[in-house]
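Novice: For this one, chain A is given, so just place chain B with the ligand on it according to the hints.
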Amino acid sequence: MSALGRAGLLGSVRKRVSDFRPGHDAPTSPDDRLMADLRTALAPERVQFDSAGRSLHSKDASVFKGGVAGPTCFPITTAEVQAISRIAAEHGRAMVPRGAGTGLAGGAIPLGAPVVVALTKMNNILEVDVDNRIAWVEPGVINLDLTRHLTPLGYHFAPDPSSQQVCTIGGNVANNSGGPHCLAYGVTNAHVQAMEVVLPDGQVAMLGGLDPEPAGLDLRGVFVGSEGTLGICTKVAVRITRNRPAVKTLLLSFKTISDAANTVSGIIASGIVPAALEVMDQKITVAVENYVHAGYPRDAGAVLLAEVDGLAAGVAVDAAGIAAIGRANGALEIREAATEEERALLWKGRKTAFGAIAQIAPDYYLHDTVVPRSELANVLAKVYEIADRFDLLVMNVFHAGDGNLHPLLLFDARDEGVLDRVHAAGKEIVEASLDAGGVLSGEHGIGVEKQAYMGRMFSDNDLDHQDRLRKAFDPTCRANPGKVIPMGHSCADIQALRRVPTGVWG
Amino acid sequence: MIASGVAGRRITDEVAQFATLVGSDDPVAVEGNRTRWDAGGPATGSPRIVKAPAGVVQYQPDEMTVKVLAGTTVAELDRALAGEGQRTALPQRGGTVGGALAVGENHPHTLAVGALRTAVLKVTYVSADGKIVSGGGATVKNVSGFDIPRLIVGSLGTLGCIAEVILRTNPIPAVSRWFHTLADPFAIYNELLAPAAVFWDGSATWLLLEGHEVDVDHQASVAAGIGELTPVDGPPDEPGLHRWSLPPGELQATMTKLEGPALASIGVGTIWATEPQPERPLSPAVEAIHDRMKTFFDPDRRLNPGRHPGRR
Ligand SMILES: Cc1cc2nc3c(=O)[nH]c(=O)nc-3n(C[C@H](O)[C@H](O)[C@H](O)COP(=O)(O)OP(=O)(O)OC[C@H]3O[C@@H](n4cnc5c(N)ncnc54)[C@H](O)[C@@H]3O)c2cc1C
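Residue numbers (the working numbering), protein chains in the order written: chain A, 1 to 506; chain B, 507 to 818.
Just chain A, with the same shape it has in the complex (with noise of 0.2 Å):
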């Protein structure tokens, strides 16, 4: 996580936080009352208030700064989370879920000083139920860890985020959050059956079921991607999947990007429906090679990495298939993984990539958009050409099978200037993103990053409809108020930010 571009970046964007903020910074007073309340509710060294910790809670693994944690609380039971929402309401406090604080989106970071919920001692897997094909966990389970611990029953969890050794399943289902293995599979929202939530007024309720088809609305395919806005998860029944007997990862290098995506778009168009397809371009290839030594080769445009996985016979078909269209699209050189041990190097090397880039420069900023397919080499290109415009070194490394370009922008924050070139930079890419048909965010989600973009996608109309969905849970807006939908459609929220009693801001 060290490599995370925590620099002050965005002067514009923490001034847009800091907006609904008292105009003065007024000293910090601890809110006796209601941290006396939550030490009620929970034993007392699980209610926090000290600097250090303020500090942390305040922000995410984005660069957004102007976060302000009010007391933050660790519970460890639905009951606990129930008596800090009912104790939050009391005092007029929103209340803001944290998982591992890995959202890049700025969706876990405070406004307006809420009560911060940190689920991460909630982490037990509490029940594997192979009949009903789930698992049981409580929402500060490590993703990871759910893998390792369905691994010797032949299972695991198929999202698999980069961030996937400490990311929250908490936070993978209030983010809807993907992974290279998601192509095949389906993003959390396909692998969540029902959760426990304690809504924001106390409530608890149950969302979804074990059975295929629940009665009423899909509230769990709603509160699912809500980013922590609709209440906060307790409990989640996973879905498991088998472990697929035979896998197959091929490499592919190309010439060019282009190439890498026609190759892509072509895999797909084919019918083979591949486990991932990952493209990486010469610029982060080579810092990734460097870094991990995992043999990509340094002087190739690109290189694609491809997984097929299922039954060995079926495996073999579409790895020729994916080769075969690799050839046609002009692949330098397409080799397969043949041990294991080769194959757990390539993923790492993917899986790495943002650790690679620290050696280039001090700071990044990582995008998250989408595109349809066909458009990936035309949108490519003009990422190139918009980071070229601003003097930034641009890298891509990104889940081609869906379009989901991450476009990372690397530079030094103390160079004059170059917050004002990256912010400018990363809006022409949002745009171009948005002309060639695509959408504003494929996994990292809106938070306050992308808020003010929601009118280039959305309607006045259609973000109405998206506020009164929210409001059906949380009519208040005491849900992680100020993020998602843009600040001048939800008035409740900057309603439930400025009742803040003055004297906590820290």
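Wrong hints could be hidden among the right ones.
[Claimed, not checked] If you want the footprint, here are the derived chain B segments under chain A, 3+ residues with CB under 8 Å:
| # | segment |
| --- | --- |
| 1 | 607 to 615 |
| 2 | 636 to 643 |
| 3 | 656 to 665 |
It should be emphasised that the hints constitute simulated quantities derived from the structure, not laboratory data. Ideal Cβ positions, reconstructed from N, Cα and C, are used throughout, including at glycine.
Specialist: Chain B with the ligand only, in chain A's frame:
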């Protein structure tokens, strides 16, 4: 085509006309082909009946997406997609795309085509006040904003009248084969990596295998190791009118209790039966969210009056 300020937003004439038709005053009920007309309770209060427009608007086989007007029959959609070797998760029972989505029942081969609720990438509907509203996005992956498509699937037209959707498509596998066997359906389901359907009537089992021919042959030989397999044209008709939704782990116990003929979908949890499933009441907290959702989306309760998501 009217372009608005939103990137890529095109409102087709048919959708604009549907918005005018739905209007903003009197009670309306949207009619598809009336194959599930009483789902969620009968229409009450003699609403004006409207029909959604029909037609495949834009099919992009390379993107694996199709934009289709809600009044299109699922049969017509299936025909358009089959030409390119693709299909969707929508069940084909003589109804329309909008009707299938409003009712929210899965395809009988859910294991193969995926759950219905994952099929909708973007939805455009007419709101209670006659406005055109969209949620979701055109791409196969998207987490931009609240997930309106999930809310609309299974909402029985009570929150908005579905006008147009973009659906995810899937490739039709090279080979599809049905088998009949007397082997234990649960053993079959657990032994095979990815059966496309396993149906059980309490004594006999029907197995659908799909994929590359080599994989289908392999899976068939694994299943034959559990019990003798006979190739057949297809499964029996679904007995009875009623559809049960159960955790897959409860199928065995429930099947032994049912009186009349029944067919269970192993690994999924659906049972088709002659008797209805007992009502599954919503919890008070969930009911309260439903009430608020209805109030916020349709304050005058003019959209599909009488229908209640969650009632059988
Ligand atoms: C190096 C790196 C690589 C990454 N790679 C990927 C990737 O490949 N794919 C991807 O999708 N993302 C990726 N991410 C983003 C991030 O890891 C995911 O969004 C992750 O799911 C967040 O989990 P978390 O536990 O850190 O949540 P947090 O960041 O703590 O919280 C995220 C959001 O979830 C809410 N939340 C947390 N817990 C709950 C709960 N129990 N109930 C309700 N709301 C809750 C928070 O309020 C916040 O809005 C990456 C991040 C980093 C730093």
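Novice: What are the numbers of the hints the structure violates, in ascending order?
Specialist: Result: no hint breaks.
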